[in-house]
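**Q** This is what each chain is made of:
Protein chains: 2
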Amino acid sequence: MSYEQLLPPDRLDSTFAALADPTRRAILARLIAGEVSVMELAAPFEMSQPAISKHLKVLERAGLVTRGRDAQRRPVRVEARPLVEASKWLDGYREKLEASFQRLDALLEEMKSHEKTHPRPKRSRRSR
Amino acid sequence: MSYEQLLPPDRLDSTFAALADPTRRAILARLIAGEVSVMELAAPFEMSQPAISKHLKVLERAGLVTRGRDAQRRPVRVEARPLVEASKWLDGYREKLEASFQRLDALLEEMKSHEKTHPRPKRSRRSR
DNA sequence: GCTATATATAACTATAAGGTTATTAAACCA
DNA sequence: TGGTTTAATAACCTTATAGTTATATATAGC
Chain A
1 MSYEQLLPPD RLDSTFAALA DPTRRAILAR LIAGEVSVME LAAPFEMSQP
51 AISKHLKVLE RAGLVTRGRD AQRRPVRVEA RPLVEASKWL DGYREKLEAS
101 FQRLDALLEE MKSHEKTHPR PKRSRRSR
Chain B
1 MSYEQLLPPD RLDSTFAALA DPTRRAILAR LIAGEVSVME LAAPFEMSQP
51 AISKHLKVLE RAGLVTRGRD AQRRPVRVEA RPLVEASKWL DGYREKLEAS
101 FQRLDALLEE MKSHEKTHPR PKRSRRSR
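Residue numbers (this note's numbering), protein chains in the order written: chain A, 1 to 128; chain B, 1 to 128.
It should be emphasised that the hints constitute simulated quantities derived from the structure, not laboratory data.
Among the clues, some could well be false.
Subject to a maximum C-alpha distance of 27 Å in a straight line, what follows is the list of computed DSSO-like cross-link-like pairs (lysine-lysine) [as the list claims (entries may be wrong)]:
id	chain 1	residue 1	chain 2	residue 2
1	B	K96	A	K57
2	B	K96	A	K54
3	A	K88	B	K96
4	A	K57	B	K88
5	B	K88	A	K96
6	B	K57	A	K88
7	A	K57	A	K88
8	B	K88	A	K88
9	B	K88	B	K57
10	A	K96	B	K54
11	A	K96	B	K57
Covered, in the sense of this in silico footprint (three residues per stretch, anywhere, with C-beta under 8 Å from a C-beta of chain A), are these stretches of chain B [as the list claims (entries may be wrong)]:
id	region
12	19 to 27
13	32 to 39
14	56 to 68
15	77 to 86
Since we're looking at a predicted model, the values are computed, not measured.
Each residue gets a CB set at the ideal place from its N, CA and C atoms; glycine is no exception.
Please take these sequences and the hints and turn them into a complete structure.
**A** Below, the structure written as structure tokens:
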């Protein structure tokens with residue numbers, strides 16, 4: 001639990017945490033169309049403006065959005081980078097997983113044919 | 001915590017939430033190599049066994065792992081599906097975002113050349 | 001300077017997350 | 001049967017989340 005966050009402050013933590021909330025995903029979806037003010041953003045939700053501001057702060061801390069200034073408005077825009085990083089992590093993971101599954105399938109296949117002639121002992125395949 | 005599995009289980013919520021913790025991502029990484037018992041899983045972490053069991057429960061509720069039975073052991077294995085779904089969401093989002101950015105770039109380009117002949121008024125492009 | 005609008009902040013509440021230690025339960029083994 | 005190993009559960013603590021209402025701040029425009 002310690003080593004992970006000692007070194008490069010793990011962006012993935014805050015990125016995934018931010019993405020875990022449906023309101024925040026909806027906000028991001030809304031932002032695809034471009035910059036939006038907080039009021040416009042809050043309108044479709046049955047939630048107070050401060051609640052939306054809090055969600056925005058979460059998104060901002062995660063680097064998923066940045067804020068501008070337009071008179072009283074603080075337009076919100078989406079930032080792609082953390083999304084790309086999260087996406088990369090997932091894709092990399094999936095790749096390794098698939099590769100591993102191939103190995104596993106091969107192993108299982110090998111074991112299955114091996115078993116016929118060498119039945120294994122009762123006690124655990126993974127005693128260590 | 002109950003409604004999650006009653007109604008339309010928004011899988012993305014629990015998937016992203018599960019991925020937001022570095023311990024859990026490390027557990028998943030460890031599982032690429034194949035089934036592992038809880039003790040083996042807990043060993044590298046400076047954290048109690050019950051803490052790991054809790055993380056496993058989170059991963060299990062998110063559908064990211066399933067449990068087997070091997071004598072006293074409850075081997076853990078990774079499940080790819082929710083990962084694929086999360087990956088799809090991210091990729092889909094990125095695509096739309098990139099498409100939108102292209103439109104934005106085009107728009108900005110158009111505005112820039114337009115501006116030369118039609119300087120805009122001081123007050124806000126996004127009043128409404 | 002006054003008022004309206006847009007947003008942020010404060011203070012509070014309730015619940016969830018993430019950890020601990022101690023205990024319990026289940027399966028094996030001698 | 002009784003001890004050992006593996007894992008889960010209980011009870012508890014602390015901090016974080018997600019929301020609320022009320023208030024403060026900043027800017028525009030009269």
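**Q** In ascending order, which of the hints set out earlier in this document are inconsistent with the structure?
**A** 14
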